[in-house]
Structure formats: structure tokens, C-alpha cells
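Asker: Mind docking chain R on chain X? Use the hints.
What follows is each chain in one-letter form.
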Amino acid sequence: MKPATLVLRNVTRRRSRFAFTLLGITVGIASLVTLLSLGTGLEKEVRKQADVLGAHLVVTPKGWCAYEQISVLTGETLPEAIPDADVKRIASIKGVQALPYLTQRTAIENQPVPVVGILPGPMEVFKKWEVEKGDYRLDERGVVVGHGIAKQFKLFVDDVVALRGKDFRIRGILSEVGNRDDLAIYLDLPVAQELYGVGDKVSFISVKVDDISQIDKYILEIRNAANVAVVSDKQLLKSVLGIVGAVGNALQLIAAVAILAACFGIINTMMTAIYERRREIGILQAVGARRKTIFSLFLAESGFYGLAGGLLGVVVGFLFSYAAAPYISQNEFTAFLGSEQTVRLFDPAITLEALSFSVAVSILSGLYPAWKASRLSPVEAISYE
Amino acid sequence: MSDPIIRTEKLGKVYDNGYRTCALAEVDLEIEPYTFSCIMGPSGHGKSTLLHLLGGLDRPSSGDVYINGANLAGMTSDQLADFRNRTVGFVFQFFNLIPVLSVLENVQIASMLAGMPDREQKERAVRLLESLGLAEKAVARPNQLSGGQRQRVAVARALINDPDILMMDEPTGNLDSTSESELLDLICSLHGKGKTILVVTHSETVAARSQRIIRIRDGRIVSAEI
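Those protein sequences? They're chains X and R, same order as listed.
Numbering follows my numbering, in which position 231 of the first sequence is assigned residue number 231; successive positions increment by one, without gaps.
Heads up: take any position in the second sequence, counting from 1, add 1000, and you land on my numbering.
Hints were generated in silico from the structure; no laboratory data involved.
Errors might be hidden in some of the hints.
Stated by the list, open to error - The list that follows gives simulated cross-link-like pairs (lysine to any residue, SDA-like), each with its CA atoms no further than 25 Å apart: (1) X:K127 with X:G165; (2) X:K154 with X:W129; (3) R:K1122 with X:R9; (4) X:K292 with R:L1101; (5) X:K292 with R:L1184; (6) X:K88 with X:R137.
Extracted from the complex, chain X is given alone in its bound form (with noise of 0.2 Å):
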């Protein structure tokens, strides 16, 4: 007989108190590991957003929060702020190409789907979309549709859309491009501008530069030219990831509230198992058991149940995240999220870090009722009734 059988005989002698123990770790894990799935697919897809933007600076009304520049990236409706002048003072300085973006919603079927005003022929030469179907004609009766909208709702060329009140006519489908880029319907700018009342504002303009290397003196530029604030693409990034970081951070501090929950769980179910085998901890010292020897057992069951729960966790965790990203993009902060592919089933990487994390934590909570079990008396042990 080897030490592991009478761990794995003890951890499993109470079945239905191994299940709800178990359980908890699985309940904290699988929190932990959905988090981190989310988190790490989060990440990944604003920095894809980024890269699709394709923009060196962005240009938004001044005052605005991090949290409408995370609707730059995701399509989010967004307030009107920066008139047409600004627009074209803008876009007047040399070396810059400025391309305004008017970002509202409407519903398709209840569901929320990102309108937004471009002016079409600079677009497509800054974005370089393909057509799928039909034609890139924008007008007032006409919009295009991205390729995942038109999926998703089963629209096809020349099939109508009503937006606020008034139909279009999809004129046209883009080919797919694997971003946000394919969950919008485009519509020319003017046209949007008036369909939603907005007048003659965006609600920002991304800009290309000619030169990289002068970008501070283009950000100069174009603060003397309007009353805007400018911000570049990496600083939009890093306080994109700033806001999701802190939201990952507080998230995950709710995972580990779970886990802790657990952990104590653990030392309950050892404490109460030390209490109910007393008399067999007194057995096995009185056949020889060192005190280290009933430390290790009680750890290892302890450990067990980590190792357990944890890889129940993780199971439940990435089949948890994959089934609930589509449905959780319906805010600005997990918006990224509806794109395909963006939550992984599995992660190695995650996978390790969630299962090191239970056994360790479980290892921890399995420290003190050990060391109590390891210091009873043989004689107090086996006296026990």
C-alpha cells in the first residue's frame, strides 16, 4: 500500500462533504480562470482595435474620459462634440489626414447594432475594405453592412434597414476582416449627421500623419487649430488597457473572495476530519506514524482536493467564458469581446497558473488542520470516544 491510497480513501470516505468542498475550490477557480480567459482575450482584442483604428492620433472633444476613449475603439455610441469647421481645420494642416467619425446605434431585432458616419471615399482607402457583395455606394437612401452584422441578421444586398424612423437599402456587404470593422452599418456622414440630429459634429477624427517622427509637433498643430484634445495611439492604448486592467484587477479580487471562501471550506472539512479520525491518527502513530508522516497525509488531502477542484475549475472556467463572451458584450468595457474568436477554450498559460494557484492556496489552507493533526498525543488519540 502506498500513502497516496489512504489519502485518496480518506478524502473520499465522506462523499457528499468532498462533493461541496470540492465544489467551493471549483466555484473559486472557475471564477478565476473565466476572469483571466476574459481578461487575457480582452487585452488581446483592444490591442487589435487599436491596430485596426489604423490611426496615429485621435482627435476628441476635450474633457473627454478614458471611458468614451474605450469607445473609440469599440463603436459605442458617442456624444457629438467636435464641429465640422474643427473638422476641416483639421484636416487642412499639412501632412494630416483626418478622417471623421459620427458613432450612434440603433437595434436590429433588439439587438444593439453600431451606426456609424464616414465619409466613404477617404475611408476606404484608409481602412482598404473590400466589397463581398453588391456595391460600396453610400448615399441618402443607401448604407453598407459589415460583413458579421449582415451574418448575424441574415441581411442581403438590396434587403432595407429602417434606421430612426427611415428605411435604406443595403447597397452593399464588406468582406470580412476579423474586427469591429465587420459588426457596423456605415452611412455617409452628412447623411447620419442629419438622420440623428447632430448637425454638422462628430464625435471624433482619427488622423494619419505623413511623418512619425514629427508627431508632437502635429499634436501642437492641431491643438492651435481647434479646441480639441489630442491623443495618440499608444497613449489611447495604454489607458484603454489602464481601465481594463483595473477592471481585471477588480474582478479578479472578487475571484479570489471566492477562493478564499473556499480555502476556509477546506480548513472547515479538515478540521471536522481531524476531529472524526482522531482515533485513527492515534492508530497510525501507535503503529509508527512520525509526526511529519501524519502532517504529509493531512497536507496531501488537502493538496488533493486543490489539484481536484482546481482542474474541475479550469474545465468549467474556459467552457464558462467561451459560452459567455458573445453574450457580455453589450458595454463599453467587454464591447471587444463580441468579436469572433477573441476567448479561447483552452490556455495552457492559464491552465497552469489557475492549477498551481488552487493546489498552492489549498496546500495553504490545509497547513494549520495538519500541524494540529501532527501534535495530538497518541494516547489522547486513541482514547478518544
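Answerer: For chain R alone, coordinates are given in the frame of chain X:
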């Protein structure tokens, strides 16, 4: 006369759980090797305490215990554990088998703690169970056995590391007369094979089969007749 295998000098034990209880006082005792001795006396007069001290399960408050010439009082807890593992085998009144282990595994446990390879553990345990007529119960759980069978498994567990001394605390206390008689035959047979046997008992039947009766009262030895 050979050197005693067990010797005590002024052995004393005081329990202090809020009030002091003197369980043993100035016990001087010598037990020769290969003998079958009984410790008898009224309940609560120190029989089991003496056995626990002789077996290294507890430490004395005063005096010394020498087993094969080695003083238990000077041993660390690890050394005492090794001593219990190799030199003595314990059998208790309530069998004290581990319910989640099979009969075979219960017998193996002391050899596992001794670091014996798995195969050797198994071979020894099977041999012991065969010699005690329990071979067919090897895979059974303790709760599937009768009281007599359980006690024989406990004896097998005590013998797995081939100890010099077998210490038993009321081994027949929970057995019917048939099982008691069978266990006594087994004890006598083990004695015949060279084991030193020390039994704490209330049973006159057990005492009648022993070579020596040590009577204890109020924590003191009152007679140690042969």
C-alpha cells in the same frame, strides 16, 4: 536469568487537567524476554497508563523505561515512532482498524510506515492473514468481519514488522467467549514462537493462561507473581 526486555525505574505518571491525578507512582518492574505477562487490577488504577508508557505511546512524568536496554525517556518523538513501528506491536480492545481500508491494507499499514516496498508489504500481510485463517477476508472491509476476526486482523497488523514485544490492552474485552478462547490460543501460539507478550486485562481466563500476573492498585504494583 537473561536481561529483562522491559525494565522500569521509579516510573511515575501524573495527569494535570486542572487537578492533579497520580496515575502511576514509583513503579519498578522487570519483564523477561519471551514471557507472557498480564497486568491486572481495578479500572482506573493505572494498568493502561503503564502499558502506554512501556509502549512509548506516552511519556512518563518521572522515572525511566528501558526496552532492550534503551531508555525511552531520552528518545525524540521520531525515535519513539520508529520504536513503536519496529519493536512493539499494539492490540487494543476496540480493534481500531481503519474503516476505509481493506483487511489486507490495514495489516500492511505499519510496514508501509516502515518504508517497506509495496510488494513485500503485500507478501508479508498475505502470509500473516493466511496463518491467522483470514486469507479469504483480505479484500473485505473491517465492518464486514466479526469481532473475533477484527481482533485477529489487529493482531496481524501488530505483527507485520515482526516486533519483539506484543502489547495488548483488554484484547478480549469486546469478544464473546468463543472468540476469546480462539484469541488466547493465538496469543499462546505467538508466545510459543518467541514473542514477549504483555496483556492488560480484567479477564481471569486470560490471566490463567499467562506465566506471570502483575497486579496494580492505586498506581502501584502490589504483586508481580510468577
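Asker: Are the hints correct? Go through all of them and say.
Answerer: Status of the hints after comparison with the structure:
{"no.": "1", "hint": "X:K127 with X:G165", "verdict": "29 Å, violated"}
{"no.": "2", "hint": "X:K154 with X:W129", "verdict": "21 Å, holds"}
{"no.": "3", "hint": "R:K1122 with X:R9", "verdict": "18 Å, holds"}
{"no.": "4", "hint": "X:K292 with R:L1101", "verdict": "21 Å, holds"}
{"no.": "5", "hint": "X:K292 with R:L1184", "verdict": "36 Å, violated"}
{"no.": "6", "hint": "X:K88 with X:R137", "verdict": "23 Å, holds"}
In this structure, the earlier hints numbered 1 and 5 are contradicted, and the remaining ones agree with it.
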